[in-house]
Structures are given as C-alpha cells and as structure tokens.
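Colleague: Listed below are the residues making up each chain.
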Amino acid sequence: MMKTSRQLSIKKSSVVKNSNKTRVSATQKRNNKKKISMILLGIVMSLFWFYPFFLIIINSFKTKAEIFQNTLTLPAGMNVENYRTAFEKLDFIKSAANSLLITVGSLVLIVFVSSMAAYALSRNTSKISSFIYFVIAIGLLIPFQGIMIPLISLFGKVSMLNQPGLMIMYLGLATSMSTFLYYGALRGIPKSLDEAAVVDGANTFQIYWKVILPLLKPTTITIIVLNLLWFWNDYLLPSLSVNKEGMYTIPLKMFYFFGEFNKQWHLALAALVMVIVPIIILFVVLQKHVVKGISDGAVK
Amino acid sequence: MLTNRSKSFWLLLAPALIALIIVLFIPLLTGSYYSLTDWNGNTVGSFIGLDNYIKAFQDQGFIDSLIFTAKFSVVSVILINVIALMLATLVTQKLGKWTTLFRTIFFMPNLIGGIILGFIWQFIFNKAFESIADLTGIEFFAGWLNTPATGFWGLVILFVWQMSGYMMLIYISFLNNIPEEILEAADIDGASPLQTFFRIKLPMLMPAFTVTLFLTLSNAFKIYDQNLALTQGGPYNSTQMAAMNIYNEAFSMRNMGFAQSKAIIFLVIIVVISIIQISITRKKEISA
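If you read the protein sequences in the order shown, they are chains R and A. Just add 6 to wherever you are in the first sequence, counting from 1, and you've got my numbering. Just add 22 to wherever you are in the second sequence, counting from 1, and you've got my numbering.
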C-alpha cells in the first residue's frame with residue numbers, strides 16, 4: 007500500500023511540473039463533483055432523519071377518521087381543533103411553567119455549587135483535596151437506578167418530595183459531572199491571576215465571583231446545555247418524586263395524557279408537536295452555544 | 023491560600039459535598055443495607071442476609087431483562103457510533119451552508135425526551151407502518167411492536183435515531199481538531215478517502231471513543247423512559263429492560279429490599295463495564 011502511494015506521489019509531482027494548470031482544474035472538478043454528491047447524500051439522509059417529525063406534524067392536523075384511513079397522505083385541511091383540545095388537556099402553560107421552574111432552579115444550584123467546589127479543589131494540591139476529587143469522581147460511575155429506591159424513600163421520609171426535593175436530587179446527581187468539567191477548565195486558568203487579586207486586597211469569595219466565575223463562562227454554557235436537556239426531558243425521577251398534580255412537568259403530564267387518550271392519536275399528536283416545537287425553536291436560535299457546549303464537554 | 027486549614031476551602035466545598043452525601047452516598051449505604059432485608063417500603067425489614075441476591079439470580083424475569091438490556095446495548099452502541107461517525111464525516115466535508123442544516127437535523131431528535139420519543143415512534147411503528155403495509159402489501163411493515171423481535175428493533179431504531187446526532191457532534195469536534203496539513207499531505211501522497219479515514223482519522227479519533235463509548239454504553243444500559251413509552255416491556259415482558267424490571271419490582275410489587283438487591287447487581291455491572299471500557303480505550307489512546 008505504502009509503496010504504491012509513494013509511486014503515485016512521484017508520478018503526480020512530475021505531472022505537476024509539466025502542467026500545473028491542468029492539474030488544478032482537474033482536482034477542482036473532482037472536488038466539485040465530490041462536493042455535489044456529498045450534498046446529495048446529506049439531503050437524502052436529512053429527509054430520512056426528518057421524516058418521523060414530518061409524519062407527526064401532518065397527522066396532527068387530521069381528524070380521527072382521516073388518521074384511521076391513511077397516515078401517509080397530507081391532511082385535507084388545517085384542522086387546529088386538535089391543538090385547542092390538547093392545549094387544554096395538557097394544561098400546557100402550567101406544565102411548562104413547572105418544567106421551567108425545576109429546570110432553571112436546578113441549573114442555578116448546579117452552576118454555583120459545582121464551580122465553587124471545583125475552584126476550591128483546583129487551588130489546593132494537598133492529599134485531602136485529591137482524595138475529595140476522587141470521591142466526587144466516583145459519582146460519575148453510579149447509575150441512577152442503583153440509588154433510586156433508597157433515595158426516594160429518604161426524601162419521602164423527610165417530606166422533601168416535589169419541587170425543592172427534586173432540585174436537590176438533581177443537584178446531587180449532576181454535581182460530579184459538573185465539578186469534573188469545571189475542574190478541567192480551572193487547570194487552564196493560571197494561579198497567578200488569583201495571586202494578583204490577593205495583592206489587590208480581594209478575599210477568596212471576591213476572587214471566585216469577580217475573577218474565576220467570569221473566566222469559566224464557556225464551561226458554564228456546556229454545563230447548562232448538557233443538564234438542561236436532561237432536566238427538561240426527564241420522566242423517571244419526577245414520576246417518583248412529584249405527587250401533586252398541580253406540579254406535573256411536561257413529560258409527566260404527557261404520560262398521563264397519553265394513558266387517558268390512548269387510541270385518540272389526533273389529540274396525542276397535536277400534544278406531541280406542541281411540546282416538541284418550542285425546544286426545537288430554542289435550539290435553532292441558540293444552536294451555536296449548544297454545539298460548542300457539547301463539543302467542549304466532550305473534548306475536556 | 024486555600025489550604026486544608028482555611029475556612030474558605032471548606033466553605034466552597036461544603037454545598038457540593040453535602041449534596042453528594044445526601045443524594046448519592048447515604049442512599050448507597052442505606053440501599054446496601056436494605057438489599058439484605060425483606061423491607062417492603064413501610065415497615066423496617068428484618069435482616070435476611072444474602073437471600074435477596076440468591077433470589078435475584080434465580081429470578082428468570084430479571085435475568086431475561088439483563089440479557090435483553092445487554093443485547094440492546096451492544097447492538098445500539100455499534101449502530102450509533104458507526105452512523106454517528108458517518109454523519110460526522112459527511113458534515114465535515116466543507117459543504118458551506120449545508121453543514122449547519124445537516125447538523126441541525128441530525129441532532130434534532132436528541133432534544134426530545136425519552137417519553138415523547140417513545141410516543142412518536144409508537145405512532146410510526148403502529149400507524150404509519152400499518153399504512154405502508156396496507157399500501158404496498160409488504161408483510162415486513164405489519165404488526166410492529168407486537169413481537170419480541172420487532173419490539174427489540176423498534177427500541178434500537180428509536181435509540182439510534184435519538185443518540186446518533188449527539189455522538190456526531192462529539193466526533194465532529196475531534197475531526198475538526200485534526201491538523202489540516204496532515205490531511206493535505208495524505209491527499210498529495212495520493213491516499214484515497216478511505217485510506218485517509220482508516221489510517222489517519224480513525225487513529226486520531228481514539229480519545230473521542232473513550233467519551234462516546236462511555237456515553238452510549240451507560241445511556242443504553244440505563245434506558246427507562248423510552249422503554250416505558252414505546253413497548254412498556256411488552257409483549258409479555260419480552261422487551262423489559264433491567265431498569266424497568268427494578269422499577270416494577272420496587273414500585274408495583276413493593277418488594278423494596280428485593281428490588282434494591284437487583285439495583286445493586288445492576289450498579290456493579292455498570293461500574294465494572296465502565297471501568298473496563300475506559301481502561302481499554304485509554305490504552306488505545308496512548309498507543310495511538
């Protein structure tokens with residue numbers, strides 16, 4: 007293999023000497039052809055990927071009878087009655103507000119708690135510090151199901167279910183990963199910065215607040231993106247810890263809605279589209295941050 | 023400055039440590055104890071030694087769910103990573119504006135939660151596939167999710183659709199980190215795109231595999247929401263994953279102690295697999 011490729015390169019360079027121009031235009035043509043076929047392949051794959059969404063959307067505008075007849079054709083008209091009913095039955099505004107409260111509350115807790123911990127650990131090189139770091143890293147390996155039963159039982163015993171309890175549980179479950187990411191970022195922030203701030207008369211908390219936290223912003227975005235998708239979409243933990251109907255999050259409400267309207271796909275589909283669209287719009291708007299957040303989270 | 027003796031060090035650490043102790047470590051300890059009792063959720067159970075563990079290994083439903091989970095994980099981890107790598111290679115071909123569009127569409131399913139994804143695919147498999155079967159008369163599309171095999175592949179398809187875009191983003195960031203000069207040099211040397219992929223890109227992607235394999239493997243093993251919304255474990259528990267088996271044992275049957283022994287077995291399996299996987303891919307990283 008290597009031999010042939012070397013021979014090829016020798017052949018090519020002699021061609022280059024003879025007629026540099028023809029080579030350029032030939033490769034350009036080859037590249038253009040390649041580019042067009044790649045775009046075509048991408049379009050086919052995208053259509054394939056998007057098709058489930060497309061089916062859900064077109065059928066959400068159909069009547070029950072239309073869906074029964076054929077699910078692959080376009081709807082006869084734009085029937086928005088499904089949406090009106092689903093919006094009411096889902097208690098959409100309230101469920102969305104509940105989801106938002108839990109998501110934002112947990113995110114705020116996690117950002118501050120884990121960045122503080124990572125800051126303390128990164129600025130202390132003692133054995134105790136590395137031991138605590140190790141203990142926190144253990145949390146990365148523990149699957150939720152391993153502690154699910156005693157966790158719910160513990161929080162139930164001290165009457166800490168529903169919203170505040172849920173936020174604390176998410177905090178505990180997400181701390182390891184977030185501290186880990188912040189710690190990685192902090193190793194890249196020179197200690198001389200802290201020392202300069204000390205000389206200027208700042209105390210530890212002022213340094214954390216005014217120097218460190220602003221510098222950690224890219225990591226904060228990563229942590230928000232990764233955890234936001236988890237908290238917003240989670241069903242298992244809320245299903246175990248929310249016991250008041252008025253506090254149901256979107257996934258919870260969706261599950262009960264589905265049980266109630268089992269064979270009524272026209273309503274179910276409108277509900278599905280309704281909960282999917284806001285998060286997709288949000289993603290398209292914030293796409294740059296989301297993509298960067300996920301990439302940074304993986305590279306570190 | 024932030025020495026072991028300084029108050030600030032411990033104040034900064036305290037909230038994280040308290041949260042971890044309450045949410046992870048106390049349940050880990052009490053859970054280990056519960057797994058040795060016949061606790062039913064209400065009364066304090068009496069100590070019965072390793073009986074629950076022995077019972078768990080004899081519980082055919084639990085064993086079946088573990089085997090099903092393992093099969094599901096192996097198949098979907100392979101498919102997800104192969105497809106994600108293909109998508110990432112496609113999207114990094116300098117396609118101008120198309121890049122963003124493709125990336126957005128491939129990532130989209132990942133924005134949606136497991137419960138909602140399960141319902142979407144229930145519609146596709148039950149209704150849309152039925153329409154295709156009626157229209158074309160192709161038997162393949164009829165009766166999906168009604169048999170163990172179609173239930174299995176239904177779950178795999180759903181999960182691959184969901185996760186591939188996420189893993190694609192990770193591969194993209196590693197592919198973009200490969201220095202341009204190396205790829206140009208390979209091109210000048212006459213390496214074919216396939217040679218470039220297998221000889222240059224793949225070895226340089228080794229650090230990516232540590233992350234992607236860990237994420238796909240642990241997410242596949244822990245899957246619950248999708249399982250509940252798509253098949254509910256049916257038909258006849260044949261598509262019940264380990265997480266659902268544990269959940270039902272605890273919260274439907276109220277056999278909390280017994281369920282916790284299953285949970286600990288599950289935990290040990292995941293920890294062992296994760297450690298093995300990380301140490302293997304790390305080794306590969308160094309040699310590459």
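Just to be clear, a hint being listed does not mean it is correct.
[To be verified] Taking lysine to aspartate or glutamate pairs in the EDC-like style, the calculated list, with each CA pair at most 16 Å apart, reads:
{"no.": "1", "chain 1": "A", "residue 1": "Lys149", "chain 2": "R", "residue 2": "Glu72"}
{"no.": "2", "chain 1": "R", "residue 1": "Lys95", "chain 2": "R", "residue 2": "Glu72"}
{"no.": "3", "chain 1": "R", "residue 1": "Lys269", "chain 2": "A", "residue 2": "Glu202"}
{"no.": "4", "chain 1": "R", "residue 1": "Lys216", "chain 2": "R", "residue 2": "Asp206"}
{"no.": "5", "chain 1": "A", "residue 1": "Lys116", "chain 2": "A", "residue 2": "Asp211"}
{"no.": "6", "chain 1": "R", "residue 1": "Lys250", "chain 2": "R", "residue 2": "Glu72"}
{"no.": "7", "chain 1": "R", "residue 1": "Lys223", "chain 2": "R", "residue 2": "Asp302"}
{"no.": "8", "chain 1": "R", "residue 1": "Lys70", "chain 2": "R", "residue 2": "Glu87"}
{"no.": "9", "chain 1": "R", "residue 1": "Lys40", "chain 2": "A", "residue 2": "Glu203"}
[What the hints assert, rightly or not] Some chain A residues close to chain R (C-beta under 7 Å, calculated; not the full set):
{"no.": "10", "residue": "Lys119"}
{"no.": "11", "residue": "Trp120"}
{"no.": "12", "residue": "Gly159"}
{"no.": "13", "residue": "Val233"}
{"no.": "14", "residue": "Leu235"}
{"no.": "15", "residue": "Phe236"}
The hints are simulated quantities; they were obtained by calculation from the structure and are not laboratory data. Positions of the beta carbon are idealized from the N, C-alpha and C atoms, including for glycine.
Colleague: Against each hint, give a clear statement of whether it holds in the structure.
Modeller: Hints versus structure:
A C-alpha spacing of about 12 Å is found between lysine 149 of chain A and glutamate 72 of chain R, which places the hinted pair at or below 16 Å, so the restraint holds. About 22 Å separates the Cα atoms of lysine 95 of chain R and glutamate 72 of chain R, which puts this hinted pair outside 16 Å; it is violated. Proximity of lysine 269 of chain R to glutamate 202 of chain A is assessed by CA-CA distance (about 55 Å); at most 16 Å being required, the pair is judged violated. With a C-alpha separation of about 13 Å, the suggested pair lysine 216 of chain R and aspartate 206 of chain R falls inside the 16 Å cut-off, and the hint holds.
With a C-alpha separation of about 21 Å, the suggested pair lysine 116 of chain A and aspartate 211 of chain A falls outside the 16 Å cut-off, and the hint is violated. Taken as a hint, the lysine 250 of chain R and glutamate 72 of chain R pair is broken in the structure, with Cα atoms around 37 Å apart against an allowance of 16 Å. Under the criterion of a C-alpha separation no larger than 16 Å, the hint pairing lysine 223 of chain R with aspartate 302 of chain R is consistent with the structure, at around 12 Å. Between lysine 70 of chain R and glutamate 87 of chain R the CA atoms are separated by roughly 11 Å; this keeps the pair inside 16 Å, and the hint holds.
At most 16 Å may separate the alpha-carbon atoms for a hinted pair to count; lysine 40 of chain R and glutamate 203 of chain A exceed this at roughly 20 Å. Because the smallest distance between the Cβ of lysine 119 of chain A and any Cβ of chain R comes to about 10 Å, over 7 Å, the interface hint for this residue is violated. Below 7 Å, beta-carbon pairs count as interface contacts, and tryptophan 120 of chain A has one with chain R at about 5 Å; its hint therefore holds. The interface hint given for glycine 159 of chain A is broken, as the beta carbon of that residue sits about 14 Å from the closest beta carbon of chain R, more than 7 Å.
For valine 233 of chain A, the interface hint holds, since its Cβ comes within 7 Å of a Cβ in chain R; the closest pair sits about 5 Å apart. For leucine 235 of chain A, the suggested interface contact is broken, since its CB lies about 12 Å from the closest CB of chain R, more than 7 Å. For phenylalanine 236 of chain A, the suggested interface contact is broken, since its CB lies about 9 Å from the closest CB of chain R, more than 7 Å.
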